[in-house]
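So the chains spell out like this:
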Amino acid sequence: MIVYDKQLLENTFLLEETKRLNDQGFVPKDQLTEIKKQLPVLKSHHNILIRIGFFILGCLLLSSLTGVISLITLNLAENHFWLMLFIYTAFSVVGSEILTKQQNQFGYGLDDAFILGFQGFFCGLIGVATESPLAAFIALAFVGLAACIRYVHTLSILVSLIGLTGAICYAVLELKIIGSVFLPFVLFVLALILYFVYVKVSTSKKHEYYANPLLLLQGFSLVLGYFSMNYMVVRELSESLLHLTIGKGQDIPFAFLFYGFTFLIPIFYIVYSLYSKDRLMLIIGFLTFGFSIYTIRFYYHILPIEGALLLGGILLFGGAYLAIRKLRDKETGLTFKPARGTSADILPNIEALIVNSQVDLKSMEPESKMPFGGGGFSGGGAGESF
Amino acid sequence: MAKSNEFTEKLLQQELITDPQMQSIRQYEALGIFSLHNELRFLLYLAVLLFTSGVGIIIYENIDSIGHIAILAFLFALTGVGFYFCFKKAKGFDKDEVLFESPVYDYIVLLCTILSCIFIGYLQVQYKVFGFGLSSLACSLIAFFCAYYFDNKSALSIAITGLATFIGITVTPKTLLENEIYSNPTLTYYGLVLGILLILWTEYSNKIALKKHFQLVFLTFAQHLIGICCIAGMLDIYWPIFTILLAASTYYFYKTSYEIHSAFLFVFTLLYGYIGFNILIFKIVASLDLYDISGLLIILTPMYFIGSIFGFIKLIKNFNREKA
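Protein chains in written order, with our numbering: chain G, 169 to 554; chain F, 13 to 336.
The hints are simulated quantities; they were obtained by calculation from the structure and are not laboratory data.
None of the values given here were measured: they were computed from a predicted structure.
Computed, partial: chain F to chain G, Cβ under 8 Å:
| hint | residue |
| --- | --- |
| 1 | E18 |
| 2 | T20 |
| 3 | L43 |
| 4 | E51 |
| 5 | R53 |
| 6 | S169 |
| 7 | T173 |
| 8 | F317 |
| 9 | I318 |
Each residue gets a CB set at the ideal place from its N, CA and C atoms; glycine is no exception.
Please put together the full structure from these sequences, using the hints given.
If you want it as structure tokens, here you go:
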């Protein structure tokens, strides 16, 4: 089922674990180097930038190769477009097999491009051949899952989940298998089912190589669960998809439910994640909580924006400060002490990068300030009199 | 958690780790540590950004309404109080890395730095205290002081941005994507000069061992400034000069990324180098008037990409080997 050599795959994960233990200071560097020599592993790129770089190169390669194929088989495309897509699909499947099986690439970047590429082509092929979006979504769901299992490929599970969700949305909205008003509830139930699947699979013994896809599955179900019940999402989508018009004093059906869930879900995520020590859920909890505040402010202008920012800043600072005070000296469980093996250096660098996009020094300079006589900047004066 | 233990067990079974090691791992895991260190720090950071944005908007909207003096006094007081605490808690200047006892003060330093910048900006807009461009220079100087005295990378980043604003370019990630540099060739030269100055300063700081951990921030700015300016220049009439400059900077950053083992620097070095190389190839192909055989060129592109992929793989392998 899995394309890789079992031993190599196992070794890859063992080495990964040793590296983690080395970061945490349990295993000295010499031992790590020794283990590295002993265990032959698959080729991977751990640096995300390098992997993205190779992914882009892989996409360029794939598109130029398909370009060449198109050039050769140009007259086919006129009548049998699906045949072209079939050739592309077959071609990229072969490419993925070669890269993974022969080249032993695992999370290398190039393999990602080909694996995701054939899923896209396959979805297109089914869509063109059957002319049914439902079939295309279902194809996506299956091909993604298959690729995830065969290539132990993390992103493929996302493809599969998008296909699944898309198929369900399409069935409800277009085929009307049940009233479209119930779509949020259907999706919420889907999220629950997915989370249940995640819990079931991750507690079973057979998942050892699939920790990352499972994490993505968990994240997807949490995010889907929140957005299916978010008031703004439901309201805006009802207006655009169901052509619902909401007059003054009216509200969407079940509005109180959505209002409640918009805040209850993030709070539940945050509290439960602290209890169960689940970092992903905690982060999603914070993000969705932020989005909930945005949701409310979108419809009710309780405070002017600057007041909200000031208040939010003060509350956040105060909250974080109190939490730090409380957790500072704890040695077990929840704590403010950095965990073993987390690099303290990354966060300041990221912060230094973000602060730039936030603090705009230029806006405070008066407009006339162009000391170097750039010249072309005087043309901005129109616009006002429209 | 179940997953990691599984592989740890396997390591033990294959006798790759020893029993005492396993003991200490188990002991540590029994503590059930769930560290919120990074999360809480990031919330503090977010709080500072929210608060300062709020202050910025209040000032911007009320610039002609409430008494200026009131706003000025409020800002000044807030900044003053913040700085008072920071100075009180700071361990003083040191050439090496110094940390506050509690990371909360890092964010108070950042808050005060941004507030001072807003303060200066307000003075400038309202009373025109400074001559042209000098207000951003003043901001930059304050931020540099905070960065070096309190050892704060975010402040350093603001300082460099201020410096770039002073010479007329905006180097935030957003504006870089909005092509400001490309539309104004003179800015290219100033950007290049600033980039080179930043490199020189980094090299000098390294020599006298002054805040060596700031190196990456400086080099990142320098790399993107020089890279983008050179690429903008290569699309202009004096392109041969910029080609040479880009080649030189690529060589420099290639060497440096090896020295400090920075994959971040290394990847962007390759990226700028590769973009420049492709522009060069395109220029050559265009000047040779090869349009008659464009079909052949299209067939050659996969070869070209395969070739580049092999090149990159080789380079990165080298880099990883050196790193390990």
